[in-house]
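Enquirer: Work out the full structure, taking the sequences as your base and the hints as a guide.
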Amino acid sequence: MGLAVDSVVKITLERDVQKENAMEAFGVWSERNEIKGGIEYVDDIRSGWDKRTKRIDNV
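Counting in the working numbering, the sequence shown tops out at residue 62, every number present.
Hints are computed from structural coordinates only; laboratory data are not their basis. Be careful, since some hints might not be right.
Stated by the list, open to error - Below, simulated DMTMM-like cross-link-like pairs (lysine to aspartate or glutamate); rule was C-alpha separation at most 25 Å, straight line: (1) Lys13 <-> Glu23; (2) Lys57 <-> Asp47; (3) Lys22 <-> Glu43; (4) Lys57 <-> Glu43; (5) Lys54 <-> Glu43; (6) Lys57 <-> Asp46.
What the hints assert, rightly or not - Distance ranges between label pairs, derived from CB positions: (7) Ala25 <-> Ile59: 39 to 45 Å; (8) Gly51 <-> Asp19: 42 to 48 Å; (9) Arg55 <-> Lys13: 52 to 58 Å.
Here the structure is a predicted model, which is why all the values come from computation and not from measurement. All residues carry an ideal CB built from backbone N, CA and C; glycine is no exception.
Expert: So this is what it looks like as structure tokens:
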């Protein structure tokens, strides 16, 4: 005998599995070393936005 489709127990178990999968995936990403370099790269790109927007405003 299986659990009913809308069983509270089944829904809770499915949420627990989803939470475990999400934590596992986050752990894989959080251990990556190149992410910090990526953040610094984006910050460098953003630092030049003021110059670009001033040029656009002057046009």
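Enquirer: Taking the earlier hints as the rules, which of them does this structure contradict?
Expert: 3
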